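**Student:** The chain contents come next:
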Amino acid sequence: MLGELTKLLSIVNSNKEPGEIALGVIFGMFAGFLLLAPFNAVIIFVFVLLLNVNTAAFFLFMGIFKLITFIIDPLGDIIGRAVLTAPFLEPLFSAMSNLPFIPFTGFNNTVIMGDFIIGLFLTAPVWIACMKLIKYYRDNMRENVKKFGIIKALKAGNFFEGGMEE
Amino acid sequence: MKLFRKSGIIAFISFAVLSSVFGFFFLDPLAKAAAMNFGERIFKAKVEIDKFDIQALKGKVILEGIAVADRNNPMINLFEAKNADFDLMTSQLPGGNIIIDAVSVEGMTTGGARKTSGQLSEARLKAIEKKDAKLAAKAEFAHGLGVKAFERAKEQAGVKLPVAGLEDIGEKFKSAENLNIAAKESLESYKLIGETGGKITQKKDELLNSIKAVEIDKKAAEMKKAAESLKGIKVASVEDIPAAKAKLDELNRVYAELQQAKKQLEGVKLQAESFYAFSASSLNEINAAKERDINNAMAMMNINMLNPSEIEKAIIGPVWYSRIRNVLDTARLANRYIPAKKKKKYAQIKRMHGTDIIFSGRQYPNFWIKKIVLNGGSSDNGGLGISGMIKDLTGEQDITGLPISIKLNGVRGNQRVTVDGVIDHRDAVKDTITAVLSGIPAKYTAGLGNVSMASDEMRSKVELVNTDDFISIKGGAEIGRPVFSAGNTSDLTYQALSSIDGIAVDFTLKNGADGANIEINSDIKDRLSKAAAKLYGKKAEELKARLGARVEETVKSEKDKLLKQAQGNKDELAKVTGSYASSLKGTEAEIEKVKAEINNKISALQKKGTENLLKGIFK
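So the sequences go chain by chain: E and D.
Counting in this note's numbering, the final residue of the first sequence is number 166, and the numbers go up one at a time with none missing.
Counting in this note's numbering, the final residue of the second sequence is number 1619, and the numbers go up one at a time with none missing.
Here chain E stands alone, though its shape is the one from the complex (with noise of 0.2 Å):
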């Protein structure tokens, strides 16, 4: 937990874009909820490796959201079973499911459709969460952090000051 905190203060501390950070919070969350077929996480590492996305943050968010689907999956179930026998939807799917590559990123299931439209509706507030709390963490609050014991031990161990970092 400590190591968790440490890891998102360093990450917070650095001096990335915000932009970065809160782009790596985005696709850990797109991971974490998508990595029931293998193929979205494919995808998903291929985007991280090509966009200037905060790796750190992209693995952090990636662990904390896949703890989150133990709970919103039964609410993806629900939402994805509903839009995927959806009458008016069923060409759409039809004509997808004979799409090449579509097929093998899992469409076709309920909780991962459901997740995906979880992902989608939390992007736009996610984004804006982050972009505004890094910066107001940054303008009023990380000198006063530095001054805990605390940080200062963590200092010393080279994990503060993006030490993660590469």
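Hints listed in this document are in silico derivations from the structure and should not be mistaken for laboratory results.
From a predicted model like this one, the values you see are computed outputs, not experimental measurements.
Please note that the accuracy of each hint is not assured.
[To be verified] Label-pair distances were calculated between CB atoms; the ranges are:
| no. | chain 1 | residue 1 | chain 2 | residue 2 | range |
| --- | --- | --- | --- | --- | --- |
| 1 | E | 41 | D | 1058 | 27 to 33 Å |
| 2 | E | 41 | D | 1017 | 20 to 26 Å |
| 3 | E | 41 | D | 1461 | 35 to 41 Å |
| 4 | E | 123 | D | 1468 | 47 to 53 Å |
| 5 | E | 47 | D | 1130 | 40 to 46 Å |
| 6 | E | 47 | D | 1113 | 56 to 62 Å |
| 7 | D | 1127 | E | 123 | 46 to 52 Å |
| 8 | E | 132 | D | 1127 | 55 to 61 Å |
| 9 | D | 1469 | E | 123 | 50 to 56 Å |
| 10 | D | 1130 | E | 92 | 41 to 47 Å |
[Said to hold, decoys possible] In silico DSS-like cross-links for lysine-lysine, where the CA-CA straight-line distance does not exceed 27 Å:
| no. | chain 1 | residue 1 | chain 2 | residue 2 |
| --- | --- | --- | --- | --- |
| 11 | D | 1430 | D | 1474 |
| 12 | D | 1002 | E | 16 |
| 13 | D | 1245 | D | 1607 |
| 14 | D | 1002 | E | 135 |
| 15 | E | 132 | D | 1461 |
| 16 | E | 16 | D | 1006 |
| 17 | D | 1461 | D | 1154 |
| 18 | D | 1245 | D | 1225 |
C-beta atoms are modelled at their ideal positions from N, C-alpha and C, and glycine is treated no differently.
Position chain D relative to chain E; hints supplied.
**Tutor:** Here is chain D on its own, set in the frame of chain E:
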């Protein structure tokens, strides 16, 4: 903020290049190993592919030197081909669908000799069977019939022909003045009579108990009493009519009960009839046991008479089983890998996480070979060239909407094969396959103990029907001009068989909800009996008749007792059912009489009432 990561792009390109290099060097061997592995799982015998060439850009796969061994005859190839070209629909590959527009197979032959055995190692077979056991565990008629057919064939093939010299027999006949049969207690017919007596008594007691449990007599008496109590009911005025009608309703209820009791009596009669049939079949069994006692007596005298039934079993077992094996295997494979599904709007597959919705609008299944064109080749290893076409090979017929159709034929010298079939699992299982073969195998041989048989004129026709409710295989096999050979040519069996110029076997195998049934018939029994009669002449028949008389004499008193007992039981049952029938008839007549009486009284009162009313009006 820069959107792209330079190091990431370099890593991605490096990965793509390395993958391509890996694919270039290792894709073919990996695909070849996978194909051989899958083939061995299907055919349970060695599968060899000399060359496996994937031409991804052209959308082609070329296989060379394909050989699939026959698991039932490991030194023969079930089929082999010089090369096979697969035209893949490349647009479907990224979607994970292997759709093959056409496969062209050149130099297709069957039955060619192998240089090495095609048998898989014990460990490999065990591993395959372990995987298959999970699939076969479900109740499946084809699997059940396969097991039963194998057991029957094994039992028949296990029979070895008796050995006896013709000259010995002649001597035995001369010295067989003192006939000896086994002790009374050891005679099969005697033992069977005892057992049958017990069984008949037990069955009769069970039947009587079940008849008593129905209590028809008691019911009939109660109904009669109820009817009598309603007799003489007073219907003097209009006010009495409702009460009379209520009584009439009660009578109708009693009448319905009586009809129910009559139905029960019919059931009892049917049970009695099955008892009579059992008694009759028991007598047949006793006669068969007597036949065996006679044969045993002859064996005791060291006269090994030919037993046509046993010889028939030994000869026809391998014949019919070898004919049905491949067609039965095809049905089993079809049942295993082609599930019958009704086309729905969408199907659902429950997963640990959620449910997979399968859309019916899918145009392509995961695997589909639209057309396989086979061009038979000439083979220098004795194989027969096969030409023809197989269409729409897929495990997901609910998506293609097309059944698998098979049309194959081959001719070489006197060898011919024609296979016509449809494997239709679209809505329900409806498979039909007809295979007509002649001269296959080129030389049919069978070892039967001292005697062996060979023929180059094997003809057969097998028709398979496989549905959700049953599987049936009907057909026949003919062995023309069989040549028998024996170490000892004075062997009696050999002598008898040598006079046979042909064998015809008919078989019907069926397995369904009402159980498995295997019937195998041949004309060899009659032919052998005639041959035996020719060999032994009248003396043998006389000897048999005398021994028969001795056996009959020994068991006569017990047999008579049994017949008397069976007749007694029959009479007893007939008496009981007769008495029930007459008491029910009496009760029925009584009820009808009372009903008529009440109805008449009501009608008379109604008539009188109407007359009074009319009189009143006119007044």
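**Student:** So which of the earlier hints does this model not fit?
**Tutor:** Result: hints 3, 15 break, sorted rising.
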